[in-house]
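Whole structure, please, built from the sequences with the hints as guidance.
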Amino acid sequence: MQAYLSEIFASANRIGSQLIARIPYILLGLLVIILFLFIAGSVQSLVEKLLKKAGRRDNVALVFGRLARWSTVIAGFLLGLMVVLPGFSPAELLASLGIASVAIGFAFKDILQNFLAGMLLLLTAPIEEGDQIVVSGHEGTIENIYTRATYLRTYDGRLVLIPNTKLFTNPITINTATDRRRQDFDVGIGYGDDMDGAKKQILEAIQSVPDVLEEPAPEVLATELADSSVVLRARWWVKPQRSNVVRVQDKVITAIKTRLDTEGVDMPYPTQVMLFHDQTEATDGDRSRQREGWPKGSGTVPEPRPVGSVKADAKANGNGQSEKQNAGGSNGRVKMPVA
1415 MQAYLSEIFA SANRIGSQLI ARIPYILLGL LVIILFLFIA GSVQSLVEKL
1465 LKKAGRRDNV ALVFGRLARW STVIAGFLLG LMVVLPGFSP AELLASLGIA
1515 SVAIGFAFKD ILQNFLAGML LLLTAPIEEG DQIVVSGHEG TIENIYTRAT
1565 YLRTYDGRLV LIPNTKLFTN PITINTATDR RRQDFDVGIG YGDDMDGAKK
1615 QILEAIQSVP DVLEEPAPEV LATELADSSV VLRARWWVKP QRSNVVRVQD
1665 KVITAIKTRL DTEGVDMPYP TQVMLFHDQT EATDGDRSRQ REGWPKGSGT
1715 VPEPRPVGSV KADAKANGNG QSEKQNAGGS NGRVKMPVA
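Reminder that position 324 of the sequence shown reads as 1738 in our numbering, one-by-one numbering, no gaps.
In short, the hints are calculated from the structure, not lab data.
Note that CB positions come from ideal geometry on N, CA and C, so glycine has one too.
It is possible that part of the hints are untrue.
As the list claims (entries may be wrong) - Below, computed lysine to aspartate or glutamate pairings styled on EDC-like, alpha-carbon distance capped at 16 Å: (1) Lys1653 with Asp1545; (2) Lys1665 with Asp1625; (3) Lys1613 with Asp1598; (4) Lys1614 with Glu1677; (5) Lys1613 with Asp1680; (6) Lys1614 with Glu1633; (7) Lys1665 with Asp1593; (8) Lys1613 with Asp1675; (9) Lys1653 with Glu1628; (10) Lys1671 with Asp1600; (11) Lys1653 with Asp1593; (12) Lys1580 with Asp1524; (13) Lys1580 with Glu1633; (14) Lys1614 with Asp1680; (15) Lys1653 with Asp1664; (16) Lys1653 with Asp1598.
What the hints assert, rightly or not - Simulated DEER-style distance windows between Cβ atoms: (17) Leu1481 with Arg1647: 46 to 56 Å; (18) Gly1469 with Ile1437: 43 to 53 Å; (19) Val1548 with Glu1638: 21 to 31 Å; (20) Leu1575 with Glu1629: 37 to 47 Å; (21) Ile1434 with Leu1481: 36 to 46 Å; (22) Ser1622 with Val1660: 49 to 59 Å; (23) Lys1467 with Phe1502: 30 to 40 Å.
This is the structure:
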């Protein structure tokens, strides 16, 4: 028993002696780690200043500044471990992780994908804060771009967090990519209205709105002969911001409606015409003019038939057909003898 206790005390003495001998190295390792912690802040500030001076955006400078800071902290921690434990090396640490690092990689796959996509978005800068975009059914203004997600403020005030992988892999419509944006609006006029005159009135109405850009110039084009109207498409250019687009469209439509009403241009409702006869009676109007169901005549046109003659003719034709049918039926009957 005494020998066993003596061995324990001897081991404790050896450990204590080794620990005391390592105290200077431990203190030096802690000093190295603390020194790198202070250096990390300066490295972050330096990286941010250099990137801002190079014309990079503030969030890009902030992200890469933080990366530089944490890289410096990790380097200082590893160097401190190497001072405290002379036999330690970072390569051995990475080798010891082995399969565990693969498992961690699979577990954080989505996070790493979003992080890398965020870094590429910040570096390549296809979109920027303040851009108005449409992506994956969401439309709004970009508020912030972070390494994991992008914050999108919709036009009705809601905040949407979009993972950066969606922005990097899906199509994006950037409404504010250029300094102008075209708008279209269809106006239907009656078939009896002067098309050229209506085009002129619509064009003047568009040009009267001050926020419509002069270049490219507005234009009005005929696009369709619809069921109850001739469709004229008005096109004009405005500044691309959403608030401006909506406000100018309101002014343009109001100006077009007011001008056409003032000039007496018809804007017909959708209608359907049902003709129960051939419109050739005297009460059906002038046959030399174009009407629904009757083309405009050229030169001399047939005189209209007297009122009621169409019905009389139809009745007469009906009676004649009935008599023929009856006659044919009697000739075809065969009398059978009665038993």
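Next on the checklist: Name the hints, by number, that the structure is in violation of.
Outcome noted: Violated hints (numbers, rising): 7, 13, 22; every other hint is consistent with the structure.
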